[in-house]
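Enquirer: Protein chains in written order, with our numbering: chain A, 1 to 363; chain B, 1 to 363.
Please note that the accuracy of each hint is not assured.
If several chains are the same, the list does not tell them apart, and a pair holds so long as it fits within one copy or across any two.
Claimed, not checked - Derived EDC-like pairs (lysine to aspartate or glutamate); straight-line CA-CA distance at most 20 Å:
(1) Lys284 to Glu354
(2) Lys299 to Glu194
(3) Lys299 to Asp312
(4) Lys127 to Glu76
(5) Lys234 to Asp276
(6) Lys234 to Asp116
Simulated from the structure, these hints should not be mistaken for laboratory data. Keep in mind that this is a model prediction, so the values were computed, not measured.
Number of protein chains: 2
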Amino acid sequence: MQGIFDRQFYTNHGPKVRELEERLASHLGVRHAICMTNGTTALMVAARALDLEGQVILPAFTFIATAQALIWAGLEPVFCDVDPVTHTISAEKASPLITQNTSAILGVHLWGRPCDIQGLESLAQNKGLRLFYDAAHAVGCSHKGRMIGNFGEVEVFSMHATKVLNAAEGGFATTNDDLIADKLRTIRNFHTTETFVETSLRINAKMSEAQAAMGLLSLDDLASNSLRNKDLYKAYGRCLAGLPGISLVSYDENEANNYQYLIVDVDPEQAALSRDELVLLLEKENVLARRYFTPGAHKAPPFCDDFPQYVDTLPVTDSLSSRLMQLPLGENTTEQDVETICGLIRTILNHGSEIRQRLHSMG
Amino acid sequence: MQGIFDRQFYTNHGPKVRELEERLASHLGVRHAICMTNGTTALMVAARALDLEGQVILPAFTFIATAQALIWAGLEPVFCDVDPVTHTISAEKASPLITQNTSAILGVHLWGRPCDIQGLESLAQNKGLRLFYDAAHAVGCSHKGRMIGNFGEVEVFSMHATKVLNAAEGGFATTNDDLIADKLRTIRNFHTTETFVETSLRINAKMSEAQAAMGLLSLDDLASNSLRNKDLYKAYGRCLAGLPGISLVSYDENEANNYQYLIVDVDPEQAALSRDELVLLLEKENVLARRYFTPGAHKAPPFCDDFPQYVDTLPVTDSLSSRLMQLPLGENTTEQDVETICGLIRTILNHGSEIRQRLHSMG
Numbered sequence: 001m002q003g004i005f006d007r008q009f010y011t012n013h014g015p016k017v018r019e020l021e022e023r024l025a026s027h028l029g030v031r032h033a034i035c036m037t038n039g040t041t042a043l044m045v046a047a048r049a050l051d052l053e054g055q056v057i058l059p060a061f062t063f064i065a066t067a068q069a070l071i072w073a074g075l076e077p078v079f080c081d082v083d084p085v086t087h088t089i090s091a092e093k094a095s096p097l098i099t100q101n102t103s104a105i106l107g108v109h110l111w112g113r114p115c116d117i118q119g120l121e122s123l124a125q126n127k128g129l130r131l132f133y134d135a136a137h138a139v140g141c142s143h144k145g146r147m148i149g150n151f152g153e154v155e156v157f158s159m160h161a162t163k164v165l166n167a168a169e170g171g172f173a174t175t176n177d178d179l180i181a182d183k184l185r186t187i188r189n190f191h192t193t194e195t196f197v198e199t200s201l202r203i204n205a206k207m208s209e210a211q212a213a214m215g216l217l218s219l220d221d222l223a224s225n226s227l228r229n230k231d232l233y234k235a236y237g238r239c240l241a242g243l244p245g246i247s248l249v250s251y252d253e254n255e256a257n258n259y260q261y262l263i264v265d266v267d268p269e270q271a272a273l274s275r276d277e278l279v280l281l282l283e284k285e286n287v288l289a290r291r292y293f294t295p296g297a298h299k300a301p302p303f304c305d306d307f308p309q310y311v312d313t314l315p316v317t318d319s320l321s322s323r324l325m326q327l328p329l330g331e332n333t334t335e336q337d338v339e340t341i342c343g344l345i346r347t348i349l350n351h352g353s354e355i356r357q358r359l360h361s362m363g
Numbered sequence: 001m002q003g004i005f006d007r008q009f010y011t012n013h014g015p016k017v018r019e020l021e022e023r024l025a026s027h028l029g030v031r032h033a034i035c036m037t038n039g040t041t042a043l044m045v046a047a048r049a050l051d052l053e054g055q056v057i058l059p060a061f062t063f064i065a066t067a068q069a070l071i072w073a074g075l076e077p078v079f080c081d082v083d084p085v086t087h088t089i090s091a092e093k094a095s096p097l098i099t100q101n102t103s104a105i106l107g108v109h110l111w112g113r114p115c116d117i118q119g120l121e122s123l124a125q126n127k128g129l130r131l132f133y134d135a136a137h138a139v140g141c142s143h144k145g146r147m148i149g150n151f152g153e154v155e156v157f158s159m160h161a162t163k164v165l166n167a168a169e170g171g172f173a174t175t176n177d178d179l180i181a182d183k184l185r186t187i188r189n190f191h192t193t194e195t196f197v198e199t200s201l202r203i204n205a206k207m208s209e210a211q212a213a214m215g216l217l218s219l220d221d222l223a224s225n226s227l228r229n230k231d232l233y234k235a236y237g238r239c240l241a242g243l244p245g246i247s248l249v250s251y252d253e254n255e256a257n258n259y260q261y262l263i264v265d266v267d268p269e270q271a272a273l274s275r276d277e278l279v280l281l282l283e284k285e286n287v288l289a290r291r292y293f294t295p296g297a298h299k300a301p302p303f304c305d306d307f308p309q310y311v312d313t314l315p316v317t318d319s320l321s322s323r324l325m326q327l328p329l330g331e332n333t334t335e336q337d338v339e340t341i342c343g344l345i346r347t348i349l350n351h352g353s354e355i356r357q358r359l360h361s362m363g
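All chains should be built: construct the whole structure from the sequences, respecting the hints.
Expert: Encoded structure:
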């Protein structure tokens with residue numbers, strides 16, 4: 001931070017942003033990493049860099065910013081259901097939604113688990129569509145041994161404060177295509193002095209030096225924090241083992257993963273309480289349990305009003321929205337916290353029918 | 001900065017952002033100041049908060065981001081010419097451009113000089129239009145004794161690194177309307193947990209704590225830096241006095257101003273060299289002279305291609321684009337620098353006809 005003040009170089013792609021971009025590109029084994037003010041803006045810039053028009057297919061089971069970014073970029077989101085096992089978009093689910101107005105597919109690597117990359121690549125190629133990814137969850141994750149950041153035409157990452165790699169606010173886009181990289185860099189800066197290639201609309205999406213400095217510190221810790229997350233994930237797995245209807249989202253042990261989201265599936269048929277009842281009780285015990293994502297993007301404003309055709313047609317998304325729960329993980333969570341939280345869950349579920357009766361009588 | 005790390009509260013409207021918002025509101029005497037990631041994004045959010053549709057009239061003689069923000073917000077920019085004396089949009093210039101599709105007027109307080117506030121207010125009221133301002137240049141400036149930030153329905157400020165009040169990257173919107181403030185705050189955060197009022201499309205426009213910390217430091221220095229700028233402005237005035245065809249943009253001494261832009265008018269009829277020739281020679285002497293704004297927003301891509309109807313119809317904007325020049329000012333400029341720069345200008349212009357001959361023979 002002191003260096004930033006000494007140099008009086010606060011933004012406009014100063015030395016810290018350039019260093020962060022080089023280190024990210026090297027870490028992910030990708031030609032270009034282009035830092036931006038945040039992940040949402042990076043998605044908006046990516047959509048413009050691909051010169052998209054009309055409709056873009058994306059999964060409804062994603063953070064709402066994925067869909068918001070498309071609207072800001074002048075596009076129509078087409079909400080796709082997801083696979084019940086992977087929770088992500090697949091070629092099988094996306095294919096029937098393609099129309100003459102479709103220009104692209106925006107895949108999402110939810111929980112850091114790659115979506116159906118091979119299937120979507122074939123589909124996009126066969127149908128002449130552009131393909132890009134929201135990789136907000138997936139920094140440091142791999143697919144068939146290759147780092148996320150190398151797939152599709154662009155991948156977009158978040159460096160929000162809640163992420164395992166963070167710059168307080170921040171994000172970046174990656175690509176192996178030099179022309180797309182030039183477009184991303186050009187659109188990022190509203191100022192015509194920084195023009196690498198002729199593009200249309202531009203914006204201010206610049207990352208400041210202070211953001212980059214925090215991002216660099218965080219990048220140093222990415223590997224160790226991911227390992228730490230993995231240990232906590234394993235601890236949750238041990239402590240919740242055998243509880244009827246309770247299971248963790250699983251990861252392929254042969255791939256790299258950041259384990260930054262601890263997602264529990266609460267099976268409404270098997271568990272003694274519903275996900276919503278369980279979250280309510282955990283919140284009362286001051287456990288930061290969250291319903292994630294509830295509702296799906298297609299059922300949140302403005303999408304539910306502007307695109308009502310999706311509201312009742314995405315059963316897997318609706319089901320996942322009603323049964324998944326996020327539990328605490330990360331730097332400030334210890335293995336003992338995990339044991340305490342899991343002990344609470346066990347106690348609550350063991351008294352499930354009694355608790356449910358009381359909840360209902362409280363009305 | 002240390003406090004930010006200690007608190008581990010990096011974004012999402014932490015204590016520093018709240019402190020900056022309170023201090024800005026108090027400084028400007030306005031009910032609400034709402035910090036955002038940068039001024040361009042703040043303009044986009046402001047346009048959405050006003051629920052605008054269709055066409056918005058704005059001056060063509062402005063930084064291009066003013067027009068870019070409207071496109072991102074799904075609106076059509078209608079480029080208006082400016083007044084030759086004030087360089088800003090006036091009711092007289094805007095009135096003929098109003099159509100059935102016009103939803104708003106976006107005024108710009110160029111060089112910190114308020115645009116035709118009274119005229120635009122009457123016009124907007126008579127025609128049922130919304131009225132908001134790009135006040136990126138005008139923090140700490142006043143109109144009829146009242147601080148800029150209190151006019152129209154929203155005013156939007158920039159805290160870019162190049163500004164007299166800066167947070168490296170940053171911006172904020174001000175309003176005296178509680179409902180609009182709630183809309184601005186809601187749209188700023190993509191997350192539904194922070195919903196103050198039902199709105200449509202949201203975005204991530206959050207300012208981080210690190211940005212706010214830098215903004216607070218800069219706010220402490222705003223008054224002294226403005227005074228310093230004023231001294232340099234006066235020095236430029238003294239040193240350039242009597243040079244044919246050279247004059248400074250003037251300010252109303254009865255109003256507050258930040259004097260952050262040192263703008264020189266080079267009259268092509270009176271000066272020995274054109275603005276472009278003068279800038280070229282000053283650049284060769286390592287003086288940061290800039291042609292400002294060249295071209296006008298209506299002649300820059302994508303607007304010149306998408307809205308060609310304005311290209312040849314805004315004579316005052318075109319004239320100003322060809323004759324105004326910005327000279328160095330601010331923290332790193334001393335009164336001696338001003339004397340040196342003005343000495344150079346005097347020497348160059350005194351040898352104007354000789355230099356012009358050489359420039360032409362060089363082709």
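Enquirer: All hints are to be evaluated individually against the structure, with a verdict given for each.
Expert: Hint check:
no.: 1; hint: Lys284 to Glu354; result: within (17 Å within a copy, 84 Å between copies)
no.: 2; hint: Lys299 to Glu194; result: between (40 Å within a copy, 17 Å between copies)
no.: 3; hint: Lys299 to Asp312; result: within (9 Å within a copy, 47 Å between copies)
no.: 4; hint: Lys127 to Glu76; result: within (18 Å within a copy, 32 Å between copies)
no.: 5; hint: Lys234 to Asp276; result: neither (24 Å within a copy, 67 Å between copies)
no.: 6; hint: Lys234 to Asp116; result: neither (25 Å within a copy, 65 Å between copies)
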